[in-house]
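Those sequence lines, one after another, are chains P and W. By the count of this note's numbering, the first sequence reaches residue 358 at its end, each step adding exactly one. By the count of this note's numbering, the second sequence reaches residue 358 at its end, each step adding exactly one.
Everything labelled a hint here was simulated from the structure, so no lab data went into it. Among the hints, erroneous ones may be present.
For chains that are exact copies, the list does not tell them apart, and a pair is met inside one copy or across any two.
[Said to hold, decoys possible] In silico DSS-like cross-links for lysine-lysine, where the CA-CA straight-line distance does not exceed 30 Å:
{"id": "1", "residue 1": "Lys74", "residue 2": "Lys331"}
{"id": "2", "residue 1": "Lys74", "residue 2": "Lys235"}
{"id": "3", "residue 1": "Lys206", "residue 2": "Lys74"}
{"id": "4", "residue 1": "Lys300", "residue 2": "Lys114"}
{"id": "5", "residue 1": "Lys331", "residue 2": "Lys105"}
2 protein chains.
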Amino acid sequence: MHNFEIIFVNDSFSRSGILKTRRGEVKTPTFMPDGTRGVVKSLTAEQVKSVGIDIVLANTYHLHLMPGEAVVKKLGGVHGFGKWQGPILTDSGGFQVFSLSKLRKITEEGVTFKHPVTGEMRQITPEKSIQIQLELGADMIVAFDHLTGLDEKSRDKTREAFDRTHRWLERCVTEFKRLTKDMKAADRPLLFGVVQGGLDLDLRKKSLALVQASGVDGIAIGGLSVGETQEEMFKVLEALAPHYDPNRPHFLLGVGTPSDLRFAFEHGIDMADCVLPTRNARHATVWGENDEIMHLTNAKYIEDTLPIQEGCDCYACANGYSRGFLRHQFKVGEPLAGSLASIHNLRYLQRIAESYRK
Amino acid sequence: MHNFEIIFVNDSFSRSGILKTRRGEVKTPTFMPDGTRGVVKSLTAEQVKSVGIDIVLANTYHLHLMPGEAVVKKLGGVHGFGKWQGPILTDSGGFQVFSLSKLRKITEEGVTFKHPVTGEMRQITPEKSIQIQLELGADMIVAFDHLTGLDEKSRDKTREAFDRTHRWLERCVTEFKRLTKDMKAADRPLLFGVVQGGLDLDLRKKSLALVQASGVDGIAIGGLSVGETQEEMFKVLEALAPHYDPNRPHFLLGVGTPSDLRFAFEHGIDMADCVLPTRNARHATVWGENDEIMHLTNAKYIEDTLPIQEGCDCYACANGYSRGFLRHQFKVGEPLAGSLASIHNLRYLQRIAESYRK
Chain P
1 MHNFEIIFVN DSFSRSGILK TRRGEVKTPT FMPDGTRGVV KSLTAEQVKS VGIDIVLANT
61 YHLHLMPGEA VVKKLGGVHG FGKWQGPILT DSGGFQVFSL SKLRKITEEG VTFKHPVTGE
121 MRQITPEKSI QIQLELGADM IVAFDHLTGL DEKSRDKTRE AFDRTHRWLE RCVTEFKRLT
181 KDMKAADRPL LFGVVQGGLD LDLRKKSLAL VQASGVDGIA IGGLSVGETQ EEMFKVLEAL
241 APHYDPNRPH FLLGVGTPSD LRFAFEHGID MADCVLPTRN ARHATVWGEN DEIMHLTNAK
301 YIEDTLPIQE GCDCYACANG YSRGFLRHQF KVGEPLAGSL ASIHNLRYLQ RIAESYRK
Chain W
1 MHNFEIIFVN DSFSRSGILK TRRGEVKTPT FMPDGTRGVV KSLTAEQVKS VGIDIVLANT
61 YHLHLMPGEA VVKKLGGVHG FGKWQGPILT DSGGFQVFSL SKLRKITEEG VTFKHPVTGE
121 MRQITPEKSI QIQLELGADM IVAFDHLTGL DEKSRDKTRE AFDRTHRWLE RCVTEFKRLT
181 KDMKAADRPL LFGVVQGGLD LDLRKKSLAL VQASGVDGIA IGGLSVGETQ EEMFKVLEAL
241 APHYDPNRPH FLLGVGTPSD LRFAFEHGID MADCVLPTRN ARHATVWGEN DEIMHLTNAK
301 YIEDTLPIQE GCDCYACANG YSRGFLRHQF KVGEPLAGSL ASIHNLRYLQ RIAESYRK
């Protein structure tokens with residue numbers, strides 16, 4: 001368990017470190033862009049690198065369905081596939097199975113759902129999730145969990161999902177050990193367990209203790225940013241902050257906004273991922289000075305010669321692509337506008353992460 | 001008329017040179033990508049540069065309609081707008097007015113047509129075209145011509161368009177001189193006149209003589225690649241080849257395929273532009289070895305680990321983005337696939353151009 005080196009802990013829970021993976025080091029805290037289908041949408045690996053990013057996330061659910069992990073493996077694994085040569089983390093597919101798939105049926109064995117294109121029934125079990133992620137060739141993988149909180153908030157349901165998540169975690173750990181037992185320590189991917197428990201702070205703390213006792217390499221916090229208020233999310237992060245094992249990396253799944261990230265980094269979180277910066281960017285929504293949410297299609301930007309944010313060092317701002325130019329290109333549907341805005345939004349979040357490093 | 005320096009003329013009509021513009025030199029022969037709305041679709045200026053391109057084309061018709069030349073000027077002109085810092089050539093808008101606009105009415109004064117978005121009536125005259133192009137800030141501009149050959153091929157119509165093209169050329173030259181009379185020679189954009197005459201070789205030769213007599217800086221060949229066979233186009237290029245003023249650059253408008261370009265470069269053409277490489281690329285169609293037309297969405301590429309073309313030095317091929325990867329990303333609508341394929345197709349044509357240089 002020496003994959004994480006803490007460089008600095010300040011007087012709050014905020015800390016700065018280096019996470020060591022088989023494909024290089026990750027400076028933390030960090031923001032990880034979502035490369036849903038194996039690439040960060042509309043960006044080359046070189047452009048992602050230019051943002052100052054060390055690690056990207058890929059989605060197990062999407063890659064499993066299309067083109068399938070066997071095809072990705074033949075094309076060189078997630079690294080050979082999308083040409084991102086740094087560390088890649090895959091999620092478990094759990095979130096997508098619960099949020100995107102139709103006709104899903106949850107049993108103790110796993111989740112059965114309908115393939116959105118072919119219509120055939122598929123099942124992802126904890127073992128299957130681990131198998132897919134190792135087949136994809138990720139450097140960090142996540143245990144398959146039972147997500148709650150999307151539509152049901154009853155205590156019974158939360159408790160049921162909580163218990164299942166931990167039974168599934170055991171199965172994930174067992175399967176992971178089985179499949180990686182012949183690997184040298186330096187070649188082994190890192191496994192993250194997922195903390196659930198909805199908004200119930202006691203369940204959350206119990207879940208954290210169970211995950212930490214399971215022997216995983218890293219701690220992931222799931223089930224947040226799924227419809228609750230920011231205040232509710234912050235209460236969970238606050239409650240967990242004093243209880244993390246400091247020697248392992250703490251990963252907040254699916255978060256978030258600039259203010260979410262600041263709060264998270266100030267409460268012991270080392271890494272976070274979210275589709276928000278790139279999805280917003282493709283819809284012409286970017287962050288400006290002081291987290292201002294700018295809609296670049298607004299008519300007020302027609303003749304605006306300023307970059308998105310003065311002083312920003314991203315490729316778009318540093319090269320002076322103007323708001324007026326971007327407005328026009330968004331209006332005419334030019335994909336370059338989304339790429340440039342994505343670069344800016346990712347850099348915006350990465351600068352927040354960098355501000356907490358030593 | 002010392003803007004063009006010929007380095008080499010071989011025993012056919014093929015030649016290699018350097019075209020000097022106020023914004024730098026252009027090595028010829030060259031292929032110019034179309035930056036219809038001020039940028040080469042889905043590519044940053046840096047990515048275009050990586051292809052080995054010296055000069056890009058922007059479309060007067062599109063930029064005039066949206067966002068308008070006054071807005072482009074306020075945003076820094078075409079160079080400040082799209083951040084391409086090398087030479088930019090604008091076309092006259094003539095081709096688009098004839099091919100894209102609805103309700104167009106042609107009089108001796110100019111062409112009246114309906115704005116495709118606002119529905120208001122607009123008029124482009126020869127003078128207006130020159131004014132727009134200078135306002136946009138292009139380094140090379142093209143005289144407004146009357147295009148024939150899109151739907152009518154009668155000799156009378158061709159003759160009428162031919163005569164009007166030359167009357168309009170005179171008006172363009174007059175307006176150009178009026179608007180640039182206070183510019184130093186080194187700051188003045190270059191003006192190209194357009195040779196028309198359909199498939200009538202006599203008219204074509206007369207048109208070339210008239211354009212060359214008008215005192216323009218460069219010779220553009222218009223009205224080709226508009227529906228005629230390749231054989232018909234080649235006959236025109238062959239007929240014109242012995243008659244070009246060798247001291248001026250020869251620009252073939254809207255062409256073309258790899259074989260079109262080879263034939264053109266072997267018959268005295270120095271520069272050509274076309275939307276084909278980038279438009280095809282966005283639809284997953286790329287050139288492979290020996291001009292093979294590859295449709296990357298084809299199922300045979302699912303597990304193909306090869307780059308588009310082995311040995312190609314474009315960003316996509318040199319970095320090993322596989323056909324299988326590209327197929328998948330095209331299938332799921334990922335814009336990066338179109339960007340990478342665009343880079344390859346542009347590089348494919350630029351390598352043809354480079355093969356004729358000394």
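Hints versus structure:
Proximity of lysine 74 to lysine 331 under the C-alpha cut-off of 30 Å is restricted to the inter-copy arrangement: shortest distance 18 Å between copies versus 40 Å within a copy. In this assembly of identical chains, lysine 74 and lysine 235 lie within 30 Å of each other by CA distance neither inside one copy nor across copies; the values are 45 Å within and 49 Å between. Taking the shortest Cα distances, lysine 206 and lysine 74 never come within 30 Å of each other, neither inside one copy (41 Å) nor across copies (60 Å). In the homo-oligomer, the alpha carbons of lysine 300 and lysine 114 lie at most 30 Å apart only across protomers (26 Å), although the nearest pairing inside one protomer, at 45 Å, exceeds that limit.
Taking the closest pair of Cα atoms, lysine 331 and lysine 105 come within 30 Å of each other only across two copies (28 Å); inside a single copy the shortest separation is 42 Å, beyond that limit.
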